[in-house]
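For chain A, the structure is supplied; the task is to place chains B, C and D on it using the hints.
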Amino acid sequence: MKTLVAILEKLDRRWIFLAMALAVAGPILIIGITGKTLPETPTPAARAVYNAIESLPPGSPILLSFDFDPGSGGELLPMATSLVHQCAARGHRMIFIALWPLGPTLIDQTIKKVIQSDYPNLKEGVDYVNLGFQSGNEAVMKVILTDFRKAFPTTKSGSAVSTVAAMKGIERVSDFPLLITISAGYPGAKEWIQYVVSSSGGKVKMVTGCTGVQTPQLFPYYPAQLNGMLGAIKGAAEYEALVNESLAPKDHSAAPNPKYLEAQRRMGPQLGAHLLMVALIILGNIAFFAARKTKAGATS
Amino acid sequence: MQIILSVAAARMCAATACAALCAPLCASPSASPPTPPLSVTAADVPWDAGGSIEISWVPAANLGSATTWLVERSEIGADGTSGPWVTVAEVAIATTTTTAAKLSHTAPYWFRVTAVGSDGSSSPTNSPAHTTAHRNFFIGEKLPLFSAILTVCACVIYFILAARKGRPMKVRRIAALEAIDNAVGRATEMGRPILFVAGIQDMDNIQTVAGITVLGHVSKTAAEYDATIEVPTSRSLVMEAARETVQASYLAAGRPEAYNADLIRYITDEQFGFVAYVSGRMVREKPATCFYMGCFYAESLILAETGNSIGAIQIAGTAESSQLPFFVAACDYTLIGEEFMAASAYLSGEPDQMGSLKGQDAGKAIASVLIIVGVVLATFAALSPGGFATAALGALRGILGS
Amino acid sequence: MRRMVPMWIAIIAGFAMLLSAFFPMTESLGETFGDVFNVVAAIAFILGAGSLAKVNLAKVSRRDPGWGFAVVTLICFTITIVVGLGKFGVPQNPQFAALPWSGEKEAEGGAFAWIYAYALVPITATMFALLAFYVASAAFRAFRAKNLEAILLLSTAFIILLGRTFAGVVLTGWLPDWASGLRLENLSVYIMQVFNTAGNRAIIIGIALGVSATSLRILLGIDRSWMGSGD
Amino acid sequence: MSGPTRTWAIIIAVIIVLLGVRMSIGGGMGRAYSQRLEQKAEVPANSQTNTPARTITWTEWHAVQPKIYFAAQRADPQQTQVAFSWSDTIGLWIGAFFTLAVFSFLYRDNAGYRLAEAVIIGVSAAYWGVIGFWDTLMPKLFGALVPSFVQAHVMPSLPNPSTATVIAMTFALVLGVLLLMRLAPKGGWISLWPMAFIIGVTAGLKIVSHIEGDLVAQTVATFKPLISPQRIEGVVEIWPTVWASLANTLVVVGVLCCLTYFFFSVDHKGVVGRAARTGIMYLMITFGAAFGFTVMGRVALLAARIEFLFDDWLWLIDPAGKRTIEVAASAVSMLCWW
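Chains as they are written, first to last, in this note's numbering: chain A, 3 to 302; chain B, 180 to 581; chain C, 233 to 463; chain D, 122 to 459.
These aren't lab readings, by the way, just hints derived from the structure by calculation.
Quick caveat: nothing in here was measured; it's all calculated off a predicted structure.
Some hints could be false.
[To be verified] List of simulated lysine-lysine pairs, BS3-like, C-alpha gap at most 30 Å:
| id | chain 1 | residue 1 | chain 2 | residue 2 |
| --- | --- | --- | --- | --- |
| 1 | D | Lys161 | A | Lys158 |
| 2 | A | Lys152 | A | Lys207 |
| 3 | C | Lys378 | A | Lys12 |
| 4 | A | Lys125 | A | Lys261 |
| 5 | A | Lys152 | A | Lys114 |
| 6 | A | Lys114 | A | Lys207 |
| 7 | D | Lys188 | A | Lys114 |
| 8 | A | Lys170 | D | Lys161 |
[Claimed, not checked] Partner residues are not named here, just some residues of chain A that face chain C (Cβ under 7 Å, in silico):
| id | residue |
| --- | --- |
| 9 | Ile18 |
| 10 | Pro72 |
| 11 | Ala141 |
| 12 | Phe221 |
| 13 | Asn287 |
Don't be surprised by glycine CBs; every beta carbon is placed ideally from N, CA and C.
This is chain A alone, in the form it adopts within the complex (with noise of 0.2 Å):
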């Protein structure tokens, strides 16, 4: 006991970092080959995301903004897949817009992973379209409230919005009847709250899918400004499952695609670092109420 006391006190942070390599890698490994994934119980805040895009009539135009870059794709990515293969599922328009720079490469993976390779029938400018980025941040998403074609004149790829037929009735952002941005921090999902959500006097509607990061800043707006939230990893395995089960043919015959299932594998190695986190702060505590006693030993 005084040993393993001794060890925890001065314990080299690197045998933590070696831990954490092991507690994440493990797990990886283990998944990867058996193909097993851990069971989801979805929370109220991501079945309402759910039922959200489900309640919509199918060609529904609805918004999409990718308001991230590759440095949160881990957390995201899965989120934006599961999203845009819902949408695509029911048949909704679906308008993608970047607020950061980085986004617009994103969002043509997304549509490549899922729109192309599995609903081929979609066509890009009227089922879909990818705006690609603006800059101006907040500054944009005031001009979206009265004239979306000002912030974005143009399609990703050069053409004039005005001759695309999938923005056909799209004036102003308010012509949604549902948003969906995917955010890792400013501008983002808060922002949206703050400028289109709030000014437009609850007319808009939007869920979010969003970093563990920015979780506990965006639960005050849940349910009230927010109509669903899909927050972290977590969030975007609870969703995945909902998803695939309600697209799984009815006997379940078929397991879904693996390229769906990345957020559910990533709960394993998500398992084992919590796990490794809990343990630390236990041995933390080991080790300092350990010292104390012999301190408070020493001075008596």
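This is chains B, C and D only, laid out in the frame that chain A set:
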């Protein structure tokens, strides 16, 4: 997926076929054609920036088969002729008002509303007179905001003036700020540099500006103590601002010759490229003291943990609430939110700047009182809905503009 | 004089912006400023690049320790600028095939996209991933029950950590329905909705006042430390 | 060599040996493939430059998953539509090297990390410079000042600028030039002017946005009833009411106490001291929650990097079915060897 889609397609075919078959049979006698609205009025939205007109209409008692309203406008040109009818909006049958936006604020407009159903449209009902969307001098709906700003500014200015008149301004200790002198002194003693990071955002972020004002004080102390201060920046403009500030501080400290512009350098705009540089630099140069003052995101913990591993004294300040936990966990001192914003005033020690802190307190006091009043009203309103309290709460919200 | 002019520029520009929000004629000045700022920041890149080049060239010419790395930086910088501005290897834009410069700079196949995918992304994403290690070491060191505050900090983190994984379901999933509020996953939601809302709200209100007072000090010319403390 | 150092040396050696084994047992790893795409575009005749209508063709190569290459090869070993991509394969290995180099910083600073650092500084500074040029200067500044040039060469569908835009951009150009005066041998002090303008404008704008978006909105949001009857079909339910009322009360008390903590002009003693202390407790719970949530995100990022190494580079696992059969063989042989 293909299966689902083809099933859906099959269903649609079935539905169409059925409709085609039934059509002659079930052309329902009950559904009369859509009835036009009884009257249409259009009014300029008052106290706005111009360009919007609100249109409202009175629907007929029997709507017939109408399912939507089609609202159209026609602009009267400079020569007095009416232009073509342009759709303003198509709204659900339950709605009876809509707003036409993006209009010219000089030209008059006609409006008309048509009821539209599955089996055709009604005749349109026109607005009785043309309307112009005037641009007003002041945006009325911003009056509450204007008064809120005025109140906050008045609080701050009042206490600044009071301080100038010699009223003593007591401010509580802020440990993190008291530690700055010692931390700078430590760097001098150890003969190691001081590292100052003013966040990773540009000069259009007020936190960066606040960080630069703190840099002004820290670099002045550093100049007096003869300590080296390094300022890597992730934006070119911040580099420029930091150079101006530090150079002026060295001048004010009477040691302009000791200023070295190359210690304040631009690294890269890329968040993690910048962090890669700063953490590498920290491990190699081992600064005695690190300041993180500005807007930080994920990099906060990388910087603070690296600083911790080299045994530097670390003082952080940010208004980015998501990063506060990491600074609190890994730094020696952390300025939380408003404390960071107050740092420059506190460090200056000038009475009028201290006075402005008291003005901030007055703002908080007003906010607290409003919260208490609002909560009391809300409680009564919840207990007896519809009473005086409900009205008062509504009025209070109105005054605050939300 | 050298300090008076900029101070007045700041004061006039600031008050003009403050008031512009309330008048229809000037309401959108703030948005215009966003564009102006972005352009100025892009022009200022010349200064940043100059500083980068100067510092690294000095290292090379002085043969400072590690000057080889400075050479690497300079080479990488030059190559990226050249292929990026020149759109090297970027395929044509099918919409405007007649214009050779209309291709997308980050289109697949271009040299700029290659640099992005194989140098920028791996390094920045891995730097970001280092955080997973640092949260562990920070938690081990800092989350010790020294006093009541620290106990609250660590126990909240504890509940959230467990509540957000499968472990939470296993540990407290057996609780009967009437006590379902104590299940870890529900507990973490309450913490977010009550304590976190209160704490964040107060921080936000405080910051708003702090920002206003800071801005006002600058606009009144009282805080001039951004152009050097004192006068 | 001290005890821990020896242990570390062994661990690193084991990793290197495992990598060596993986590379030698074959089954393929770290290869990338791309598919040929013939593109064609019609260019209409241009009467101004007197060029006739013509057709332009060019070839693009798009990255594809290895399984597409394997399938194409199985179908026709002579095919040239999908081919091994040297550039992407080299890139993949460089990416893997940089990933490991950055991770090695956790052990200690070393030449690999310094190389990655030197590369990322050069590349990313230039990257953002290029982005600034094409995304800001080209459409905004040049698009406003020389629109016909930009439309004729770079962005044909760029709308014509309004007079206001032209004025704003001219102003921006003047500010930029003043800023660049810093480089001139004399008159560098004038660069403080644009800086003063930017700082002043930022200060002015932020007062409005923070009071509007944060101060007023958050204050009003706290107007919650302390007793909040929860009715189901008009009947007040006891327990839900108690819980909802308790939650509201805790929020209101928390906001007031935390605000008290931020008071500067009052010492934290007596009643104020107790309120401030309660405030600190709320803040600590807030921070603990934020910490817990952040861990989630960070682990996901690490998992993504490790998946890159195991999946794209080493071909040890294939969760997304990028390669299907081939990889299973290599993973199993690896495990057998182990």
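Quiz item: Which numbered hints does this structure break?
Solution: No hint contradicted; all consistent.
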